[in-house]
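> Start from the sequences and build out the full structure, keeping to the hints where you can.
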Amino acid sequence: MTDSEQAPGLDGEQLVWIFTQMLRIREFEERVKRSFEESPGVIRGHTHLADGAEASIVGSLAALRPGDQLMTTYRCHGYPIALGTDPNAIMAEIYGRKDGLCGGYGGSMHLVDTERGFLGTSGIVGQGIPQATGVAYAAQIRNRTRSPQVVLCFFGDGASKQGAFSESLNVASLWKLPIVYVMENNSYNVVTRVEQEDANAAAGEPLAVKAKAFSMPGVTVDGGDPVAVHQRVATAVARARSGDGPTLVESKVYRLSAHGNIIAPPGVPLHFPEHEAIEVFGAPEEYEAAKRGDPVPRFRARLVTEGIISADEADRIAGEVRAEMQSAVDFALDSPHPEAEAALNYVYA
Amino acid sequence: MAREIPYIAAINEAIHLEMARDDTVLYFGQNLATTENDEFVKAFGHDRVRVTPISETAEIGMAVGAALAGLRPVVELYMAEFMLVAMDQVVNEAPRFRYMSGGKVKVPLVLKAGYGFTAGWAGQHTGSIYGMFMGVPGLKVALPATAADAKGLMATAIRDDNPVCFFHHYLLTLEPGEVPEGEYLVPFGQADIRRAGGDVTIVATGWMVGKALAAAEALASEGIDAEVIDPRTLEPLDIATILTSVEKTGRLVLVDQATRHASASAVIAAEVAEHGFSALKAPIAQVTGLDATVPYSEPMEAYVLPDEAKIAGAVHQVLGSAPVTA
Amino acid sequence: MAQLDSGVAPALLRTMWRIRRFEERVAQLKRTMQVHGLVHLSIGGEGVAAAVCHQLRDDDAMYSGHRAHGHAIAKGAPLGPLMAELMGRVDGLCHGLGGSMHVVDVEHGLFGATGVVGGNIPLALGTALAARMRGSDQATVVFFGDGAVQAGHFSESVNLAALWELPVILVCENNGFAEFTPRSAHTSIELVSDVVSVYGFRRQTVDGSDVPALWAAFAEILDTAREGRGPMLLECLTHRRRGHYEGDAEAYRDQLAEEEWRRRDPVARLQADAIAAGWLDEAAVAAMAEEAADEVEVAVAFARASPFPEPELMEELVYAKAGSEE
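Just so you know, the sequences run in chain order S, U and H. Just so you know, we're using the numbering used here here: the first sequence kicks off at 457 and counts up by one. Just so you know, we're using the numbering used here here: the second sequence kicks off at 138 and counts up by one. Just so you know, we're using the numbering used here here: the third sequence kicks off at 46 and counts up by one.
No lab work stands behind these hints: they were computed from the structure. Nothing here was measured: the structure is a model prediction, and the numbers come from that model. Backbone N, C-alpha and C fix where the C-beta goes; we use that ideal spot for every residue, glycine too. Careful, some of the hints might be misleading.
Stretch-level coverage of chain U by chain S, calculated; a stretch enters the list once three of its residues show a Cβ under 8 Å from a Cβ in chain S [what the hints assert, rightly or not]:
#1 197-203
#2 229-237
Here are the simulated lysine-lysine pairs, PhoX-like style, with alpha carbons at most 25 Å apart [claimed, not checked]:
#3 S:Lys554 to U:Lys243
#4 S:Lys747 to S:Lys489
#5 U:Lys447 to U:Lys418
#6 U:Lys418 to U:Lys385
#7 U:Lys447 to U:Lys385
#8 S:Lys632 to U:Lys179
Across the chosen pairs, the derived CB separations fall in these ranges [said to hold, decoys possible]:
#9 S:Pro496 to U:His183: 55 to 63 Å
#10 H:Arg76 to U:Asp428: 31 to 39 Å
#11 U:Gln327 to S:Gly497: 40 to 48 Å
#12 U:Ala377 to H:Val151: 52 to 60 Å
#13 S:Trp473 to H:Pro227: 44 to 52 Å
#14 H:Asp104 to U:Ala446: 44 to 52 Å
Put into structure tokens, the structure is as follows:
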């Protein structure tokens, strides 16, 4: 990818939008996490938060246009929030309520908003990658006479060891599918460090080198900088849309929460443990460094410094966001549980 | 109008007709569409008909994604065992997506795979593993035994808005049958009474249907009148027709090429034991594949499979008309 | 770097003729249904099999795929039991249970062949790991074709082998085809070496019909493996002489000329080299080919004289029993 292929820059309005969405995702995820203390028992099973990845999520989505599509992993709350899905419905889904985005059928890991192009997730590491590839195949052939839709496929570094990853990238490259593979590399696969499971990481290489095995460009970007992410992803999106095929974008992020809440049998209160860097690897300094580099305050500071927004404006936005997500929590708590018999709906179309 | 065509031609005819009727239907898989002379490529072009590498996870996963995006893929997998490589997509993704989304999406796709190829294809290519795909909510399973059913069930499978495993028996590939021309649909969940009779009910699947019919003919000359039923789809499974038959005959023999605990016959036996118990005059008899990986050597291969003699033996057993032979 | 010499070349040629004559005979027997089922011949692959296996010990581990006869013979499998296996007889290497695609000869280190493309590659990793844990210098070699490279389990294995630096030797026979489709329909990367280069594999790409080059390349690779270092890839560019399987009409290969085959026939090339180097003369070479044919006939007679297995044999072998040796 040459410099001449850089995507157009972002104007002030777009930067403020990005900042706002990052705040919304952060606040939403914080409220999900606090639910475990504030309302024990409302969230069952396993939930995964994207705090720390906001810049990567929003920067990527900012490169899409209406009609484009995406699929993600089970760490999926942030994407529909940025796309405009009602956070009330998302929170209600996480609480398993009737007014949830999926009627309480899916839960935290299985959000869907087809109207906004978000076709779904997989709870199984890597298995959404071939699915997104199929969405891109559909986009390719139904858009022969006009500019095609592009598909973003989000997954983590852990997924890149799955056969599903290599098979999909091979086919997408061969067929020149209009897809961008965005690997959010947060250096952890649950409680395993990437160097413990990835030959490239163990050799000190960026994971983007894997793209060479599929004849596609691979780039690494600071996933904490939404402008940089947007620039890289937009370039890849343009390449895909022009029919030149896929790109692998390695977006380096750090998740600020543990992989997910603890897994425990019913009766044991669920909560979020400390991040694995602290709990498992005894490296609190790594975590502290990541917190200091937190992309949300970092971007806020940049916008204020560059005069895009004032500190007061930033505070005002934050206040609105807090109120919005408080409403989401209230809405979810008030939403009734689905009728038990509803369990037999939707098995077959 | 009907004419005789082979089983495999009937399947291809169904795919062709559906692809002509609905341009959202795709057909892809390994070793397909590799030349411009390929009939599907000529008719529908390289967008809708594609060859894939040896990548079952990607093939089936892509089918899921394309279905989510509004298309209707048919994936050519050749052999049921090749689906095992991609079990997650088949069992954990395709059938569950709609449900988990609360009905927002649907996943119309067909996984076409041959099975049961006992002809020396040996251990890894020969299984009858449809049992693994029964009882998966959201997944349907079709198992045609005739050319006409192969055409009709494939057409129905393609039009069905759910993921369907379409298993076609390899030994029936060239078996001719009368197949209606043009649009022809066989509904899912409707068993076919292939031979009416009053003395015993024989339920058989796939290649076993022909063996059951042959056994029935031989038994007829002994004065035993057997009713032979082909369920045609295992999911949904038409238990009602089987129960009605058992009400009439009181005796049930189940024939299945799969191994006992992974067979359709075990499922049917349980249903009849629970819902048709009072009609039974004798315990149900199952004639299934024996519990071994299918061996290569011919006499051993034949040994592990149901055959006419074993079926006839089971009929005598439920009629109490001959001693049980080991 | 080890070089072929007058001591080694004749031995290799002898093995290659044994493979060639064996496979030609199997093709004949298949046509007359004395060998049944799915058979994949190694004609054209003799050079790779001999150059690799002659440098291995009996206790070195080898895995192969569905095209395993050549590897088995080169590794030391006796022709009689191998032929008997293909004929499904009780004196076959696997007592007739496995057939062509599933041969095992533990005595000579052939831990198994598999009918699922690439399915053996993860197995080889395990064996290499076990060797290292025992502190042994046992080598592990796994043969596969270029089609396997696109299967997900290949990449999964490559990452793990590289991460754990396993002393496993991947030997890829890249004949430019996977079943019936050319490599270009499977992937945009022509050389398998380029696929694994991303993982820092030690790798070599060699003309698969150039036995001296294969010998030297593998010798170097083997030294590395014996030191417990790895992983390694030997990519052999070969030409598959007959169809994918016997019965394959090969319409897709029309453009390959006899000329091309003569150039790439490893047996013809090594013979020409050996004669030119003065290691053998025409008469000696002709005698080798004839002796090989005679050996194969002895094997056929052995196989024909062997009875078919008794069915009860299978029941013994489905599960390992506590304390059982086999």
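> Next, verify each hint and record whether it holds.
Each hint, compared with the structure:
As drawn, the stretch 197-203 of chain U meets chain S at 7 residues by the rule of a beta-carbon pair under 8 Å; at three or more, the given contact holds. Given a C-beta distance limit of less than 8 Å, the hint that chain S covers the stretch 229-237 of chain U holds, as 6 residues qualify and 3 suffice. For the given pair, Lys554 of chain S sits about 20 Å from Lys243 of chain U by alpha-carbon distance, which is consistent with the 25 Å threshold. For the suggested pair Lys747 of chain S and Lys489 of chain S, the alpha carbons sit about 17 Å apart, so the restraint of at most 25 Å is met.
The suggested pairing of Lys447 of chain U with Lys418 of chain U holds, with an alpha-carbon distance near 20 Å, which does not exceed 25 Å. Annotation: proposed proximity of Lys418 of chain U to Lys385 of chain U holds, straight-line Cα distance about 11 Å (limit 25 Å). Proximity of Lys447 of chain U to Lys385 of chain U is assessed by CA-CA distance (about 23 Å); at most 25 Å being required, the pair is judged to hold. In summary, the hint linking Lys632 of chain S to Lys179 of chain U is supported, as the alpha carbons are separated by about 22 Å, within the 25 Å threshold.
For the hinted restraint 55 to 63 Å between Pro496 of chain S and His183 of chain U, the CB-CB distance of approximately 56 Å keeps it satisfied. Taking 31 to 39 Å as the suggested C-beta distance range, the pair Arg76 of chain H and Asp428 of chain U conforms, at roughly 35 Å. Checked against the given bound of 40 to 48 Å, the beta carbons of Gln327 of chain U and Gly497 of chain S, roughly 46 Å apart, stay inside it. Range check, Ala377 of chain U to Val151 of chain H: Cβ separation about 53 Å, and the 52 to 60 Å hint holds.
Trp473 of chain S and Pro227 of chain H have their C-beta atoms about 49 Å apart, which keeps the hinted 44 to 52 Å range intact. The hinted range of 44 to 52 Å is satisfied by Asp104 of chain H and Ala446 of chain U, whose Cβ atoms lie roughly 47 Å apart.
In terms of the numbered hints stated before, the structure departs from none.
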